[in-house]
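Student: Let's have the full structure, built from the sequences with the hints guiding it.
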Amino acid sequence: MLLSLMIFVPLLGMIVVLLLPRESEELIKRVALVFTLIPLILAVYLYMTYNQPDLEHLWKQDVPWIDTFNIQYHVGIDGLSAILILLTALLGPICVLASWRNIEKGIKAYMALFLLLETGMLGFFAALDLFLFFVFFELTLLPMYFLIGVWGGPRREYAAIKFFLYTLFGSVLMLVAIIAVYLNSGIPDDRTFDIPTLITLAGTPGHALADPVFQRWIFAGFFIGFAVKVPIFPFHTWLPDAHVEAPTAISVILAGVLLKMGTYGLVRINMDMLPEGMAFFTNGVGFIGNSLALLGFINIVYGSFCALAQTDFKKLVAYSSIGHMGFVILGLAAGNETGVTGAILQMFNHGVISAMLFLLVGVLYDRAHHREIDGFGGLGNRMPVYTGITVLAFMASLGLPGLSGFIGEAFSLLGAYERFQTLAILSTIGIVVGAAYFLWTLQRVFLGTLNPKYEELPEINRREILTLVPLGILTIVLGIWPHFAIEMFSETVTELTTKIMGTLEASL
Amino acid sequence: MDYLENIESLAYFSPEIVLVVFAAAVIILDLLVKNRESEKTAYLSLVGLGCSLVAILLTNSILGTDESKNLFFGMIRLDGFAVFFKVLLLLATAATILFSLRSEELDARLKGEYYALLLAVTFGMFLMASSTNLLMIFISLETVSLTSYILAGFLTHSPRSSEAAFKYITYGAVASGTMLFGLSLIYGMTGTGDLAAIGQQLPIVLAEGQVTTLGILIAITFILAGIGYKIASVPFHMWSPDVYEGAPIPITAFLSVASKAAGFALFLRFFFSGFGNSEVMQSIDLGLLLAIVSALTMTIGNLAALPQRNVKRLLAYSSIAHGGYILMGAVLLTNGDAAIVDKGIGAIIFYLIVYFFMNLGAFYVVVLIANEAGTEMIEGYRGLSSRAPLVAGAMAIFLASLIGIPIFAGFFGKWVLFTAVIEGNLYWLAFVGLLNSVVSLYYYARILKAMYFESAEDTERFSFSKGTFALLSVFVVPTLLIGLLNIFYSLSEKFTLQ
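Protein chains in written order, with this note's numbering: chain A, 2 to 509; chain B, 982 to 1479.
Don't read these hints as lab results, they were simulated from the structure.
Glycine included, each C-beta is placed from N, C-alpha and C at the ideal position.
Treat the hints loosely; a few may be bogus.
Mimicking PhoX-like on lysine-lysine, the simulated pairs with C-alpha atoms at most 25 angstroms apart in a straight line are [stated by the list, open to error]:
| id | chain 1 | residue 1 | chain 2 | residue 2 |
| --- | --- | --- | --- | --- |
| 1 | B | Lys1447 | B | Lys1021 |
| 2 | B | Lys1430 | A | Lys106 |
| 3 | B | Lys1050 | B | Lys1430 |
| 4 | A | Lys163 | B | Lys1430 |
| 5 | A | Lys163 | A | Lys106 |
Only some residues are given here: those of chain B computed to face chain A with a beta carbon under 7 angstroms [as the list claims (entries may be wrong)]:
| id | residue |
| --- | --- |
| 6 | Val1413 |
| 7 | Leu1415 |
| 8 | Tyr1433 |
| 9 | Phe1434 |
| 10 | Ala1437 |
| 11 | Asn1467 |
| 12 | Tyr1470 |
Tutor: Set out below in structure tokens:
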């Protein structure tokens, strides 16, 4: 019950916001904040209770929905979905706060769409019915399209439609895969969308779903759907456009949560349900057997070098996201406990760190109204607090030991080293280049002489600090003691990786 | 086979009789009413439709849901399938009359005839949905066509409308002539006009070598010209953009929904009953032919819609594309597995319900904007989100549904259709269909973009009456709910052909 409550509270908030008069802007913002804080409170409670068996019933629900197709409203959590729900619920109120002053028109529609988006994201991570999973996946599209298209920058229309077209294209392939899985799950009266059931069936020798060739095709269908979302090269080109045009809070949600939807799907469906397919693409034999790891490597190196070349601060952060998501792919491709743990940790940490980075870019943009890295200089003197927080975020993102970014990347690389030695070694280039572009940016924006134009630039204000502090604390705490996060999903990961490695060994 | 004689049949024929009586009554009333602006004829037509609906439900309840009767010596058949289509067509006509009442482009002096003709065309469509004899099929098709020509050209002051009517007639005449030839070939091969008898005879004559598969294929291709023209499938679609653009908007809406639905009803019944033995269809590879027609129809419809700036014309092309999606379900008729044939028909029925609401809703918004902004061009939709937020929101819902995004009904319609197609092992066709959905996003989103991302020079707010919003919500609410509720899925299973 609590889980469903959490998913649909933002939707309720949307309805409340829509009923309020459009003039009472302050009230609308407060209502939106309250309706994003409720999921956060529930998420904190979830963090405290997720591993207590006697409270398990709070966090799942299973009721029939469309009988004709045996579709159920089935939601539930395991370690992986819990940590991403936590991330989503955390970023919700932060984004509402970040939108407090800089959304100038139509705050009512903006908040309504944002709340709808939050329902979509939370529902997606909780869904345990393949159909429901797809519905929530798609539910995020329309609000995102409008949020970028109405409230975005100069090229917002182009960015919005590009985002929409790319994602819809990916999800179309996924839809075919879903239908194929459903049709092969049993005799006509016995077909199911239930993800746990399907996972069991796919592991039952002799069942149609367990057929390796079938799994490969289905794997490819799902993979392209998720790859667009992550985004994995060559499906990534929508991301820089969307990020640059989107308003700050939407960039935060995009980098923080929406990208994770892709990698979450890879774990939930591609790895857990289709281990034979996973084995085929990661067995290390030939080009195809290395393909997943190779895509991770390309993402890391390509994203980092692209980031190095950017002159727009926000675009730099966007490309660095592509690079960092590459580590997730690499860790998942490894398929072993270290790699997958690293990948999931990286998902969460990247969500926190990239959210910080986009918030910080937004702070600067709100003051200077441009994002040219070379247009600043010497801000360190003018805005010391802002500079301090930025340095923290940069260091966390480039993987400084002691901050959270390091652990995820290190584990991913370690895991990958066991399976794909060369690619893992080559991927470290990404870390070096990452350090280069962040330090170089630091130098250009914050050090040197202050651009006279910005002598009167106001320091970061309390509301902005409030959005950044929880994230900053998380990066430090998880950097020192990552176990707070790891213990949530370690059981899930052990189960998953045992299966993957077993399938791999059997297939070789 | 058992059938009812003429007198016995009349009771079951009451819905159609009611329509004809009211059509005549509307003409008489039109002569009696002095005030030319009076809307009495429209309301009388609505009453007529209401009475006909009651008659349909009464005959259906006498009949029982699973029963069927062959009326007039087997000329037409009354079964669940026919009842479903009659109700759908009737509601579409009612919606068209309500649109027409609010439309400002129609000449008020001619409205009496206009409504009488609408009732007459509905009568014809009722016959299309229930004919089981080649002769009856042709007559019903012609009744519908002839009245549609007049309705398409009803804007007597507009050259565009006259052009539409003229094109419609020219294409229609060729198509029905070709079809008639095809029908005569089938009659020649089997010696009967009755669909069920044809279904029995064809395999026999084919086995005996009296006819070749090529002969049957030629006959079917000719017949498809007539039916394909009604459902605007490639290559018989060329008339539809011009006609849709030129005709009064309510008539465009009517043609794109009702005429298409009636066409599909005829199509399904013809192939299901006439070729009940799918071996014949498989021997002539009809499945592949239909699949190609379906793929071409949706692709050409969607690609042609991309550059359109006139929303009415854009929706015309989009409705061609949707016809293509529905045809995918019809391809399944040729499947050897009866369960899959059943699913195909069920999917079409479900999709038509969904399409009814979302497409008519979108056309209603076009009517409203044409009244207020005085244009059908996409420019007229600029800034609609601030000029008329509720109408813009409704249009956004219809468009999202037409694209096929959850949680809107259109998604579930496509879902049911694609699941059936994939179950019939037509992966490639499902693929083409889904890629087409992605393409369609681009032109539907252009309207969204105009409404939400762009602002109009003129920012004055539009004002609409309460009745307008009430009618709009009649389309919005089902577009939101159909897919989420169980009942519509079972409904579509109940009315499939037997």
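Student: Now, for every hint given, state plainly whether the structure supports it.
Tutor: To see whether the hints hold, each was checked on the structure:
For a cut-off of 25 angstroms, the pair hint linking Lys1447(B) to Lys1021(B) stands: about 20 angstroms separates their Cα positions. Restraint check: the Cα-Cα separation between Lys1430(B) and Lys106(A) comes to about 17 angstroms, which is no more than 25 angstroms; the hinted pair holds. Distance hint between Lys1050(B) and Lys1430(B) is unfulfilled; the C-alpha atoms sit about 51 angstroms from each other, more than 25 angstroms. Distance restraint check for Lys163(A) and Lys1430(B): the Cα-Cα separation of roughly 13 angstroms lies within the 25 angstroms cut-off, and the hinted pair is therefore satisfied.
Straight-line distance between C-alpha atoms of Lys163(A) and Lys106(A) comes to about 23 angstroms, which keeps the hinted pair within the 25 angstroms bound. Among the interface hints, the one on Val1413(B) is violated; its C-beta lies about 11 angstroms from the nearest C-beta in chain A, farther than the 7 angstroms criterion. Satisfaction of the interface hint for Leu1415(B) is found here, the shortest Cβ-Cβ separation to chain A being roughly 4 angstroms, below the 7 angstroms cut-off. Below 7 angstroms, beta-carbon pairs count as interface contacts, and Tyr1433(B) has one with chain A at about 6 angstroms; its hint therefore holds.
Checking Phe1434(B) against chain A by beta carbon gives a least distance of about 5 angstroms; that is within 7 angstroms, so the hint holds. Below 7 angstroms, beta-carbon pairs count as interface contacts, and Ala1437(B) has none with chain A, the closest being about 15 angstroms; its hint is therefore violated. Of the supplied interface hints, the one on Asn1467(B) holds, with its beta-carbon coming within about 6 angstroms of a beta-carbon of chain A, less than 7 angstroms. For Tyr1470(B), the interface hint holds, the least distance from its beta-carbon to any beta-carbon of chain A being 4 angstroms, beneath 7 angstroms.
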